[in-house]
Amino acid sequence: MVKKRENDAFIRCDNSRPAPPLVIRQGRVIDPVNSIDRVAQVICTEGKIFGVVDEVPAEFADAPAIDAAGKWVVPGLVDMHVHLREPGREDKETIATGTRAAAAGGFTAVACMPNTQPALDEESKIRYVIQRGENCPSRIYPVGAITKGLEGEELAPIGEMVHAGARAVSDDGKSVARTNIMRNALNYSKSFNIPVICHCEDTAISQKGHINEGVFSTHIGIRGIPTIAEEIVVARDLLLAEYTGARIHIAHVSTAGSVRLVREAKARGVNVTAETCPHYVALIDEDIGRYDTNKKMNPPLRTDRDRTAVIAGVTDNTIDVVASDHAPHVPEEKDVEFEAAAFGVIGLETSLGVILTFMVHKGLLSPLQMVERMSVAPNRILGLGGGFLSRGACADITIIDPQAPWSVDARNFYSKSRNTAFEGMKLQGYASGTIVGGRAVFNRKV
Amino acid sequence: MGISIQHLLGLDGISREDITLMLDTADSFYEVLQREIKVVPTLRGKTVVNLFYEDSTRTRISFELAEKRLSASPLNFSVSNSSVNKGETLRDTIKNIEAMKIDMVVVRHSCAGVPYFLTQCTDAVIVNAGDGLHEHPTQALLDMMTIRQKLGRLEGLKVAIIGDIFHSRVARSNAWGMSTMGMKVVLCGPPTLLPQHYESLGVPMTDDLNEAIDGADVVMMLRLQRERQASGAFPTIREYRNRYCFDLEKLFSLPENVLVMHPGPINRGIELASDVADGNNSVILQQVTNGVAVRMAVLYLLGGGENG
Numbered sequence: 001m002v003k004k005r006e007n008d009a010f011i012r013c014d015n016s017r018p019a020p021p022l023v024i025r026q027g028r029v030i031d032p033v034n035s036i037d038r039v040a041q042v043i044c045t046e047g048k049i050f051g052v053v054d055e056v057p058a059e060f061a062d063a064p065a066i067d068a069a070g071k072w073v074v075p076g077l078v079d080m081h082v083h084l085r086e087p088g089r090e091d092k093e094t095i096a097t098g099t100r101a102a103a104a105g106g107f108t109a110v111a112c113m114p115n116t117q118p119a120l121d122e123e124s125k126i127r128y129v130i131q132r133g134e135n136c137p138s139r140i141y142p143v144g145a146i147t148k149g150l151e152g153e154e155l156a157p158i159g160e161m162v163h164a165g166a167r168a169v170s171d172d173g174k175s176v177a178r179t180n181i182m183r184n185a186l187n188y189s190k191s192f193n194i195p196v197i198c199h200c201e202d203t204a205i206s207q208k209g210h211i212n213e214g215v216f217s218t219h220i221g222i223r224g225i226p227t228i229a230e231e232i233v234v235a236r237d238l239l240l241a242e243y244t245g246a247r248i249h250i251a252h253v254s255t256a257g258s259v260r261l262v263r264e265a266k267a268r269g270v271n272v273t274a275e276t277c278p279h280y281v282a283l284i285d286e287d288i289g290r291y292d293t294n295k296k297m298n299p300p301l302r303t304d305r306d307r308t309a310v311i312a313g314v315t316d317n318t319i320d321v322v323a324s325d326h327a328p329h330v331p332e333e334k335d336v337e338f339e340a341a342a343f344g345v346i347g348l349e350t351s352l353g354v355i356l357t358f359m360v361h362k363g364l365l366s367p368l369q370m371v372e373r374m375s376v377a378p379n380r381i382l383g384l385g386g387g388f389l390s391r392g393a394c395a396d397i398t399i400i401d402p403q404a405p406w407s408v409d410a411r412n413f414y415s416k417s418r419n420t421a422f423e424g425m426k427l428q429g430y431a432s433g434t435i436v437g438g439r440a441v442f443n444r445k446v
Numbered sequence: 001m002g003i004s005i006q007h008l009l010g011l012d013g014i015s016r017e018d019i020t021l022m023l024d025t026a027d028s029f030y031e032v033l034q035r036e037i038k039v040v041p042t043l044r045g046k047t048v049v050n051l052f053y054e055d056s057t058r059t060r061i062s063f064e065l066a067e068k069r070l071s072a073s074p075l076n077f078s079v080s081n082s083s084v085n086k087g088e089t090l091r092d093t094i095k096n097i098e099a100m101k102i103d104m105v106v107v108r109h110s111c112a113g114v115p116y117f118l119t120q121c122t123d124a125v126i127v128n129a130g131d132g133l134h135e136h137p138t139q140a141l142l143d144m145m146t147i148r149q150k151l152g153r154l155e156g157l158k159v160a161i162i163g164d165i166f167h168s169r170v171a172r173s174n175a176w177g178m179s180t181m182g183m184k185v186v187l188c189g190p191p192t193l194l195p196q197h198y199e200s201l202g203v204p205m206t207d208d209l210n211e212a213i214d215g216a217d218v219v220m221m222l223r224l225q226r227e228r229q230a231s232g233a234f235p236t237i238r239e240y241r242n243r244y245c246f247d248l249e250k251l252f253s254l255p256e257n258v259l260v261m262h263p264g265p266i267n268r269g270i271e272l273a274s275d276v277a278d279g280n281n282s283v284i285l286q287q288v289t290n291g292v293a294v295r296m297a298v299l300y301l302l303g304g305g306e307n308g
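Top to bottom, those sequences are chains A and B. Quick note: the first sequence, position 430, residue 430 per this note's numbering, numbers continuous. Quick note: the second sequence, position 286, residue 286 per this note's numbering, numbers continuous.
Since the hints were derived computationally from the structure, they do not count as laboratory data. Computed from a prediction, not measured in an experiment: that's the story for all the values here. Errors might be hidden in some of the hints.
If you want a taste of the chain A side facing chain B, the calculated C-beta under 10 Å gives, among others [stated by the list, open to error]:
id : residue
1  : Gly159
2  : Glu160
3  : Val215
4  : His219
5  : Ile220
6  : Gly221
7  : Arg223
8  : Gly224
9  : Glu332
10 : Asp335
11 : Val336
12 : Glu339
13 : Phe343
Quick list of simulated restraints, FRET-style, between CB atoms [what the hints assert, rightly or not]:
id : chain 1 : residue 1 : chain 2 : residue 2 : range
14 : B       : Asp24     : A       : Asp316    : 27 to 37 Å
15 : B       : Asn96     : A       : Ser124    : 24 to 34 Å
16 : B       : Glu227    : A       : Gly88     : 33 to 43 Å
17 : A       : Glu423    : B       : Leu285    : 47 to 57 Å
18 : A       : Glu264    : B       : Lys150    : 29 to 39 Å
19 : B       : Asp24     : A       : Gln403    : 51 to 61 Å
20 : A       : Gly88     : B       : Ser231    : 50 to 60 Å
21 : B       : Gln120    : A       : Asp304    : 43 to 53 Å
22 : A       : Glu423    : B       : Gly45     : 35 to 45 Å
23 : B       : Gly264    : A       : Arg178    : 43 to 53 Å
24 : A       : Arg178    : B       : Ser231    : 47 to 57 Å
25 : B       : Glu249    : A       : Ala204    : 35 to 45 Å
26 : B       : Gly264    : A       : Ala204    : 27 to 37 Å
27 : A       : Asp91     : B       : Asn210    : 31 to 41 Å
Every residue gets a Cβ at the ideal spot worked out from N, C-alpha and C, and that includes glycine.
Bound conformation, chain A alone (with noise of 0.2 Å):
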């Protein structure tokens, strides 16, 4: 059982000193960077890893230890598709709620949309979300906006933004719909070595559907949003980055078409990444049954056959990433009309224990696979520098009991919002510690 949240040990983040050392004890330690898949002791000192070895030596055989019996000890798990919402809609969440959610979910860094209010369009609103998240429980890395206001127009200042700290662009929440404000786009974000993330959906097909056009849309009688919107795009974002020879990163992944589309590139050569998110994975569009809101997201819950195929291209490391795509909302966005609510649903705290069991403890993901998925790939894609437990590198640990079995009970999430689509769900696995900086942010209490 996941506690409640006073249970729960949370520290802020002080960086004005440095950490003291910590030993992390008899955990299974896996880091493919370094394929390293054994029990042994993790070192930390100063912040940063000291090394991973078989004896704790003897000048840390005093130092504070976790014990990690039975437990996963893996370079920390970053979420690179998240909303927080701050600045602008704080009653949804906050980077502070925000970060709390991610540290508890096993995250120990996020990287955050830059869909507020007002846009993170510019240096000093990356500054901003950067200033706000200092001292939280996980790091934050902003995404800025592709273009200014969101609104497809006209380029933000990519390169003051990138300067000022943002580790990639994107519109995300929607697509940069004039095809020469894309190209312009990718050919400026060259400059800067970051990627750009493409929300994929034409929406002069999908504007007035609520789920998937398919079957189940027809029966209940809501509008469709068909698997072409996303795949029109996604083939469009793909010949652009072809062609210009930029970066681009397909977030949520949907349908089957897209997970083609993507693997046929990469096999030509283009330079693409891709994620998905652990709804994708886990449930389709019939799970909406009677009009459920919180299963309401963009893009939407597919057929099975999407499903499996986008579990298969994670499988096969065609979607390099898994993301949560957490989209908080308060009650009143979801407890309407279906076609009314609000689209999106929160993830931090279940994307972990969604992906070990529905992909990991059914054999489709190994844990060294997983890892790849959900802390190496995240850190390469934005340049974070991490991802490994290699001497030097920053202590930034994820600790997870793989086979405890829960519920998710949204009263219990650290987020300030409830929209969880796995609302009792019984999952096998979740964080039991998270380390940020060589410091125990997160430590559940069960």
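Chain A is already provided as a structure; the job is to place chain B on it using the hints.
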């Protein structure tokens, strides 16, 4: 034996026994409507709220008349805009109305699923008077009542429903309800006005009018919204009329006793020629009459009345 459902949200999944009971009860009320005193006391003291979020004069009047003839107290609550624009959530609206002690809610809304949503907000009995593109069960019931009245049975009859199938909740309710009653339904319209994925409706579709009406016992034409032309679903009214208007020539290709139906309001000269709409095969006004009887039956059965 009473009805097994608590609310009437749609005909999808409703049993043959329940549909038959509603139709039989409607026939009884039809007899009442032929009398000089058309009022019965069965729902005296019950308050029925007609919650209409979408303009609909005829359905609302039909329900209101049904309520009055059952001696219930109707309360009309019409809002042209959805709750989102009104600044109050639908749950708050229904909670406020419920707080005034009401028994039943007849609801029409442009969003599919609202009748079900209301069952999660209130203990009142919910009757769906049309929700988005989803269902319009009392319309389908009155259609079946009319067919049974005129042709003496439902089992084995073929019904062609023609027009804007994609946007039609009438077509959906009829597809499910009529299939349950053993009728053969075919849906017909231009491919742009048919749902691409229709397997869940359980009936065939075609874009060929002649194929659809071949061997039909009943031809039901649907209203064509002129806005569909602007959205690119068909090129011109003329081309639509030439391909899909049910006129005398097509009527003469069918057996003499074929029924011509329309849920109204009719676009004369677009989906239905005037001489057919006003001709001997047309039962369009009988549908309207039966609408009151069917709604009386539904309100009576769900409102706690004994099966009479």
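ask   = Quick one, is the valine 336 of chain A hint okay against chain B at 10 Å, beta carbons?
value = holds, 6 Å
query = Do the Cβ positions of glycine 264 of chain B and arginine 178 of chain A conform to the proposed distance bound of 43 to 53 Å?
reply = Holds: the Cβ-Cβ distance is about 45 Å, inside 43 to 53 Å.
query = Are aspartate 24 of chain B and aspartate 316 of chain A spaced within 27 to 37 Å by their CB atoms?
reply = violated, 60 Å
Supplied contact hint for aspartate 335 of chain A, tested at 10 Å Cβ to chain B = holds, 6 Å
task = Let me know if the C-beta of phenylalanine 343 of chain A comes in closer than 10 Å to any C-beta of chain B, holds or violated.
result = Nearest chain B Cβ about 14 Å off; hint violated.
ask   = glutamate 227 of chain B and glycine 88 of chain A, beta-carbon distance inside 33 to 43 Å?
value = Hint holds: Cβ distance 35 Å, inside 33 to 43 Å.
query = Regarding the hint that glycine 159 of chain A lies at the interface with chain B, is the smallest CB-CB distance below 10 Å?
reply = Result: violated, 40 Å to nearest chain B Cβ.
ask   = Can we keep the histidine 219 of chain A interface hint, with Cβ of chain B closer than 10 Å?
value = Status holds, d = 4 Å.
inquiry  = Under 10 Å is the threshold here; is the Cβ of arginine 223 of chain A close enough to any Cβ of chain B for the hint to stand?
reply    = For arginine 223 of chain A, the interface hint holds, since the closest Cβ of chain B sits about 7 Å away, which is under 10 Å.
query = Going by Cβ atoms only, is isoleucine 220 of chain A closer than 10 Å to chain B?
reply = holds, 6 Å
inquiry  = Range first: 51 to 61 Å. Now tell me if the beta carbons of aspartate 24 of chain B and glutamine 403 of chain A are that far apart.
reply    = Taking Cβ atoms as reference, aspartate 24 of chain B and glutamine 403 of chain A lie about 59 Å apart, which means the hint holds.
key: Status of the given 29 to 39 Å range, CB of lysine 150 of chain B versus CB of glutamate 264 of chain A   = violated, 59 Å
Checked against the numbered hints above, the structure breaks hints 1, 2, 13, 14, 15, 18, 20, 21, 24, 27 and satisfies the rest.
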